[in-house]
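Chain C is already provided as a structure; the job is to place chains H and U on it using the hints.
If you want the building blocks of each chain, they are given just below.
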Amino acid sequence: MPTNLYRFQGPEGTIPYQHYLIDKNNTKLTKIATALMKNERCDGRDISAHRNLCIKTGIVTQAKGSAYVEKGHTKLLCSVFDPKEVPNKVEYAKTGELQCEFKFATFSCRQRRNYTRDSEERQLCNEFRRAIEPAVCRGEFANFEIQVNVLVLENDGSVLSTAITAAGLALMDGCIPMYDMIVASSLGIFKNTILVDPTYDEETLCLSWTEDEENRGTVMLAYMVSLEQITEFSQNGSMDINMFPEYVQLLIDQNCKINKLVQSAAITDVIGHFESQTTD
Amino acid sequence: MNEEFLKCRLGFIGNSDGSAYVSQCKTTVAVSVVGPFEPKSSKCLYDRGTVDVTFRRKTGSITVHDKMLEGIMQSTCEEALIVEQYPRTSIAVTVQEMQDRGNLLATCLNASCLALMDSGISMHHLFAAISCAITDSEEIILNPDELQINSSVAYFTLVFSSSESRQLLTSHTTGKFSHSIYLQCMDKCFAATREVFSFYENMIKKQLIYC
Amino acid sequence: MNSIKLNIQETYIKEYLALQKRSDGRGLTGFRDASLNINSIHTADGSSVIKIGNTAVVCGIKAELGIPKAESPDVGYLLVNVELPSLCYKKIRPGIPCDEAMETTSFLNEVCNNCKILDLQQLCICVDKLVWILSCDIYCLNYDGSVLDACFVALLSALQTVKLPEVKYDKETDEINVIEDYKFLKLNCLPVASTFGVFNDKYILADPTEEEEQLCISKFSVVTDGNLLFSLHKPGGNYIKDNQIQNCVKYAKIRAKTVHELIKSVQ
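Protein sequences appear in the order of chains C, H and U. Counting from 1, one number per residue, gives the positions in the first sequence under the UniProt record's numbering. Counting from 1, one number per residue, gives the positions in the second sequence under the UniProt record's numbering. Counting from 1, one number per residue, gives the positions in the third sequence under the UniProt record's numbering.
With the rest of the complex left out, here is chain C (with noise of 0.2 Å):
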């Protein structure tokens, strides 16, 4: 048996006890399927409706700059440290560096993950990266990196865009200089309907696989709303080409929307900073 040096850890070939539960599962995706022909969700949201955001910075006192971020189930905390000098580099790097890690905690999705990176935290992580790169003036700190974590506690769909928009908000805690307010939101299809931010569920629906040809999938897209640019846009599962204008007019205006909110959160930030130095 290899013996992990660093961490505890239990024999191998484990099953979740959920497995012997399955069948209740699967009437679960086909519950929810039948529920969307009539364009009902099963949480009782409408499908042009995303889920309610909560929204804390500045809750890791250690960090630079962090948000927290609770969308319906899904929660995720994100943090960003002061620019450093990158370690063992030479060469003169004219743009600074973003070093970015993407994190699932063990005990965030249904089947329970390992502590080492996996290709999907490695696949996001990367998409992530690409997603804030554009967002941050990294001219402004030549020959530096900044450190970018995010850890997630609960999976429960649109993660990554989720992720995305807290980047934005501990970005902008942490006094980062920045290009815009970045945000992301993501949609599921499911042959003709188009759901806004899944959920794990509908997710997993949305990503299994049919026979015939038809539309399913996710996509998601950043958007940085006053500059009015796209800065990664993301899909998986296969969709008719045509669709995709109705998909990205639907996606940005859902980030408007965010948006809104995440200014708002912003504002009372500012305005909370400045009351607490007033007082000091």
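Don't read these hints as lab results, they were simulated from the structure. Every residue, glycine too, gets a C-beta built ideally from N, C-alpha and C. Among the hints, a few may not be true.
Said to hold, decoys possible - Calculated cross-link-like contacts (lysine-lysine; reagent style PhoX-like; alpha-carbon spacing at most 20 Å): (1) U:K171 - U:K129; (2) U:K90 - C:K84; (3) U:K202 - H:K43; (4) C:K191 - C:K31; (5) U:K5 - H:K43; (6) C:K89 - H:K40; (7) C:K64 - U:K91; (8) U:K202 - U:K168; (9) U:K163 - U:K202; (10) U:K116 - U:K202; (11) U:K163 - U:K183; (12) U:K14 - H:K188; (13) U:K250 - U:K14; (14) C:K260 - C:K56; (15) U:K91 - H:K40; (16) C:K64 - U:K90; (17) C:K38 - C:K191; (18) U:K69 - C:K84; (19) H:K43 - U:K91; (20) H:K43 - C:K84; (21) H:K58 - H:K205; (22) U:K264 - U:K186; (23) C:K257 - C:K56; (24) U:K69 - U:K171; (25) H:K206 - H:K7; (26) U:K202 - U:K21; (27) C:K84 - C:K64; (28) U:K264 - U:K163; (29) H:K43 - C:K89; (30) C:K28 - C:K38; (31) C:K191 - C:K28; (32) U:K183 - U:K264; (33) U:K90 - U:K5; (34) H:K26 - H:K7.
Stated by the list, open to error - So the derived label-pair ranges between C-beta atoms look like this: (35) C:L21 - U:Q267: 55 to 61 Å; (36) U:S265 - C:W209: 46 to 52 Å; (37) H:F197 - U:I217: 32 to 38 Å; (38) U:K69 - C:Q111: 22 to 28 Å.
Below, chains H and U alone, put in the same frame as chain C:
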């Protein structure tokens, strides 16, 4: 504590600055000290030396639990050395387990103290580690063997410095116990450290005669 | 400790400790306020979030089924791991766990195993064939000193929220049936850790913050359930005097009672 219990050979590794081969009961460890030497620039501190303790099992790999023992040894050794005298340097202490039959932490700490003394690096104070086990009937056994540890309700490893007043440097305990019994153990262990320190003294005296 | 730090330490003693005050307004032996929240993570089988001052820790427990060890076929697994991710503290680099995370992990496991906070036999479903594996992962979200204290509270309150379904195992056919009849775990005792920072041989600070931990010459942790001691842990550093130990034990016992009340209040 008799000569049979604690055995030691100093300077048994030729190309290190200090070394000790210590056996306490049936537990044996070897410690080598190298330094002060010039470290990598990342480990270099401008006003003090860094101390690095590495603990090795005879199997090669170490576990999470060994990491904690390593941490305890590291901070105990670091505090004993006058690191301010060796700025921009590093001191490496390697502790190798040879045989583990109980009292491993205490043996490792005593051996590292002997090896540090052998290396001639300046020290604030010496330290001596004593372990004791408490039986079901609240009896205190100093330097218990493997069987006694396994059947005990609590097991302590306490480290005291060589100063006249009682100074507890390190305390590592397992099991449940009451505060009063802990104080009793402290008294007994502190008394026992005197013998360890006199053993240290004899060892160094012998070593000096050889030179 | 370098000269700059020594200077800061002296100023801290003069400006705060000599007046029996600390920079955040507490007295020398005052503990920070704690708030506890349980069952906030729905994907975990048991979870809790604890905030002690600014230090925040989340513990999530996943229950899985697996094969027991050959040498102990009738006991389940209780695996406690502490993660100090790079997001909680600026001095931690991403990658393999730092030394402190491993030391805390090891210490927690040692206390859990030695004091039998959980009867591992109740995790056994079928001897030598099937047992429960409880993986308890504790993530530090904000590192502001005394993380060990928070880890203990998080672990215990999370363990108390774990509900395990009844599992039937057929020896002949290897068939596993899960019946949705959930039962809570039974905990034997509730160890509470209290960390103290030894400033010098005169001052001792209860529940130090990160800033104070940096200035302290050594740390001292007392684990107790208010009655018996489970551990007196002092990993090296400078010395501590006898009467200081006595005071620490006294304060830790009082602290344990308040923490017990806190854990009870959320259930």
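field: Hint check against the structure, violated hint numbers in rising order
entry: 3, 8, 9, 10, 12, 13, 18, 21, 35 and 37
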